[in-house]
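The primary structure of each chain is shown beneath.
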Amino acid sequence: MKLHEYQAKRVFAEAGIPTPDAELAETVDAAVDAAEAIGYPVAIKAQVQVGGRGKAGGIKLVDDADEAREAADEILGMDLKGYHVDRVLVEEAVDFTNELYVGVTMDRGEGKPVAMVSTRGGVNIEEVAAEDPDAIAREHVDPAFGMHPYQARKAVYDAGVDRTVANDVASVLTTLYDLWAAKDGADAEINPLMITADDEVVAADAVMNIDGDALFRQPDLAEMQEEAAEDDLEAKANDYGFDYVRLDGNVGIIGNGAGLVMTTLDLVDHYGGQPANFLDIGGGAKAERVTNALDMVFSDENVDAVVFNIFGGITRGDEVAQGINEALEAFDEIPKRVVVRLAGTNAEEGMEILNTDLVTVEKTLEDAVQRAVEYAEEDSQ
Amino acid sequence: MSVLVDENTRVVVQGITGGEGKFHTEQMLEYGTNVVAGAVPGKGGQAVAGVPVYDTVDRAAREEDANAAVVFVPPAFAADACFEALDAPVDLVVAITEGIPTQDMSKVYRKLQETDTHLVGPNCPGVITPGVAKLGILPGNIFSSGNVGLVSRSGTLTYQVVDNLTERGLGQTTAIGIGGDPIIGTDFIDALELFEADPDTHAVVMCGEIGGEDEEEAARYIGANMDTPVVGFIAGRTAPPGKRMGHAGAIVSGSGTGTAQSKIDALENAGTPVGDTPEEVADHVEDIL
Numbered sequence: 001m002k003l004h005e006y007q008a009k010r011v012f013a014e015a016g017i018p019t020p021d022a023e024l025a026e027t028v029d030a031a032v033d034a035a036e037a038i039g040y041p042v043a044i045k046a047q048v049q050v051g052g053r054g055k056a057g058g059i060k061l062v063d064d065a066d067e068a069r070e071a072a073d074e075i076l077g078m079d080l081k082g083y084h085v086d087r088v089l090v091e092e093a094v095d096f097t098n099e100l101y102v103g104v105t106m107d108r109g110e111g112k113p114v115a116m117v118s119t120r121g122g123v124n125i126e127e128v129a130a131e132d133p134d135a136i137a138r139e140h141v142d143p144a145f146g147m148h149p150y151q152a153r154k155a156v157y158d159a160g161v162d163r164t165v166a167n168d169v170a171s172v173l174t175t176l177y178d179l180w181a182a183k184d185g186a187d188a189e190i191n192p193l194m195i196t197a198d199d200e201v202v203a204a205d206a207v208m209n210i211d212g213d214a215l216f217r218q219p220d221l222a223e224m225q226e227e228a229a230e231d232d233l234e235a236k237a238n239d240y241g242f243d244y245v246r247l248d249g250n251v252g253i254i255g256n257g258a259g260l261v262m263t264t265l266d267l268v269d270h271y272g273g274q275p276a277n278f279l280d281i282g283g284g285a286k287a288e289r290v291t292n293a294l295d296m297v298f299s300d301e302n303v304d305a306v307v308f309n310i311f312g313g314i315t316r317g318d319e320v321a322q323g324i325n326e327a328l329e330a331f332d333e334i335p336k337r338v339v340v341r342l343a344g345t346n347a348e349e350g351m352e353i354l355n356t357d358l359v360t361v362e363k364t365l366e367d368a369v370q371r372a373v374e375y376a377e378e379d380s381q
Numbered sequence: 001m002s003v004l005v006d007e008n009t010r011v012v013v014q015g016i017t018g019g020e021g022k023f024h025t026e027q028m029l030e031y032g033t034n035v036v037a038g039a040v041p042g043k044g045g046q047a048v049a050g051v052p053v054y055d056t057v058d059r060a061a062r063e064e065d066a067n068a069a070v071v072f073v074p075p076a077f078a079a080d081a082c083f084e085a086l087d088a089p090v091d092l093v094v095a096i097t098e099g100i101p102t103q104d105m106s107k108v109y110r111k112l113q114e115t116d117t118h119l120v121g122p123n124c125p126g127v128i129t130p131g132v133a134k135l136g137i138l139p140g141n142i143f144s145s146g147n148v149g150l151v152s153r154s155g156t157l158t159y160q161v162v163d164n165l166t167e168r169g170l171g172q173t174t175a176i177g178i179g180g181d182p183i184i185g186t187d188f189i190d191a192l193e194l195f196e197a198d199p200d201t202h203a204v205v206m207c208g209e210i211g212g213e214d215e216e217e218a219a220r221y222i223g224a225n226m227d228t229p230v231v232g233f234i235a236g237r238t239a240p241p242g243k244r245m246g247h248a249g250a251i252v253s254g255s256g257t258g259t260a261q262s263k264i265d266a267l268e269n270a271g272t273p274v275g276d277t278p279e280e281v282a283d284h285v286e287d288i289l
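These protein sequence lines are chains U and G, in that order. With the UniProt record's numbering, letter number 341 in the first sequence gets 341, and the count goes up by one each step, no holes. With the UniProt record's numbering, letter number 144 in the second sequence gets 144, and the count goes up by one each step, no holes.
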């Protein structure tokens, strides 16, 4: 789960990390009022969860009320990389002499947290990491102890941060780590961490992603979760509780288990088709989930044919078959042709139950995918 | 021979009184697994499917000589259950639970480094030595006994590949589902090491997927250390960057790491053929044996 910039800044500020004066605004008037109260120059920043907001025109620096009005009017309501902007953060513009990067994430290869510092802040840190890995100082943390203060200092000095601000930057990093650990962070980042002419440090941006599996013990953060204005189908999948990713093709794919669904996508591609989606109905799926899954795929106007591939472990083939029959019998006319392949637990019972007037049954994964690719080609709109 | 699980494996099921725990205990018993105890706090003295339940893993291990644990405990308490099994101690912990917070697993992983215990999972289907025992939720009937070792990050994909192997008469020594989470106990290299040391394993199938660099590291290990031939499969060739494909670990990062192609290239460079389809994986294994 991703926090918005304004939410992450509130969390950081509460923990004692210096952040600029700022106010959230939903209307142009409110944005101008906020700018007047804070004092110019201010930055007007779109609150959407995409990278590269500045380049896309979602961040503007303004010097007076007219400019503030113009910028807020332009940004509010704009479409930024597929996200509708309905709020802006109006923020004191910080006069900086230097921009740093500090971050904490989980190094999955090492199985432990890693704290990072770089003097190359203010730019895309992934690019810095790719071009010049040595420009980022990394310090792995033993999760049993947490980050020792010396580790924060070590990372800061290794990165080459100026010694006049080194202690303050180390203190920000320590606080960031503690926050990350306490709030079940996946990533916590400040980029840039600005250094002002008076040697003050200020978090000019804030990124905080929370481990979705840990939200049960982070009620305050769970409350901040907002409906992301994603693709309508992806929102629908959220409601149904499916793992779903929409793609560009026309062969709808339903299956159980992430690896097998990915494999089904790859096979569609292998046999010359184009996958329309990734949809994992999960383990132990019963009739209702099957109905919902078909509804999902049929709702995608790009889909011309569907392949339904279940390999039952805890999922039972007879229950899936029952669900497919019930879902399809409810239609006067089936929207798209459906190819079904069942294997594993109770697959044979399932194949007997399936209504072959409504679906095409195939015995192997390869045959099922090829058949669906054929149907998609024939029925292509 | 086999790896991790054999006829001497004596299992304690943590969370045996829950729906999943109970159902799969019955399934494991039916398959022939030696399930000797259950452990659930506050439920000591009860029995599930004839298996005695104890309040703690420590007591279950002492009273019933359990040397392996299977964890069916809900995510919020699963890391604690892993620590309890590691401290008992048992030789093998199989954590089935899906959705354990990553920071919890980081602490379990750290503890694991101090022990001799093998942890498989979490978020995995388990381990099976066909014809002998299974620990977890794998459907026993698709497996058959033979000389192919199998290690996979994904549950149902394991079943698919095993089905293709079994249909050709290519049985398995042991199949290990290592799980799709960002932090897991036994990784590809650990499993490959075990198979390399097992004289009855004549070929290994390794099923990977997008995300992370474990497959690339495994490929380097294969190239440098393995005499037993390996056949690879990588799921997620068509996955777009930045989208999580179900498993928490299965994501191609924005900077382009973790792609299927980089994994396939790494394996092929190590002399490991990679099947385009599960059927082709069976073809390669057949050629080798």
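One or more hints might be untrue.
[Claimed, not checked] The following residues of chain U were derived to be distant from chain G, with all beta-carbon distances above 10 angstroms:
id: 1; residue: Ile59
id: 2; residue: Val207
id: 3; residue: Asp243
id: 4; residue: Asp266
id: 5; residue: Phe278
id: 6; residue: Lys286
id: 7; residue: Ile353
id: 8; residue: Glu362
id: 9; residue: Glu366
[To be verified] Computed Cβ-Cβ distance ranges for the label pairs, DEER-style:
id: 10; chain 1: G; residue 1: Glu114; chain 2: U; residue 2: Ala135; range: 30 to 38 angstroms
id: 11; chain 1: U; residue 1: Tyr240; chain 2: G; residue 2: Glu30; range: 31 to 39 angstroms
id: 12; chain 1: U; residue 1: Gly16; chain 2: G; residue 2: Lys243; range: 29 to 37 angstroms
None of these hints come from the bench; they were simulated from the model. Built from N, CA and C at the ideal position, the CB exists for glycine as well.
(message) Are any of the numbered hints broken by this structure? If so, which, sorted upward?
(response) 3, 4, 5, 9
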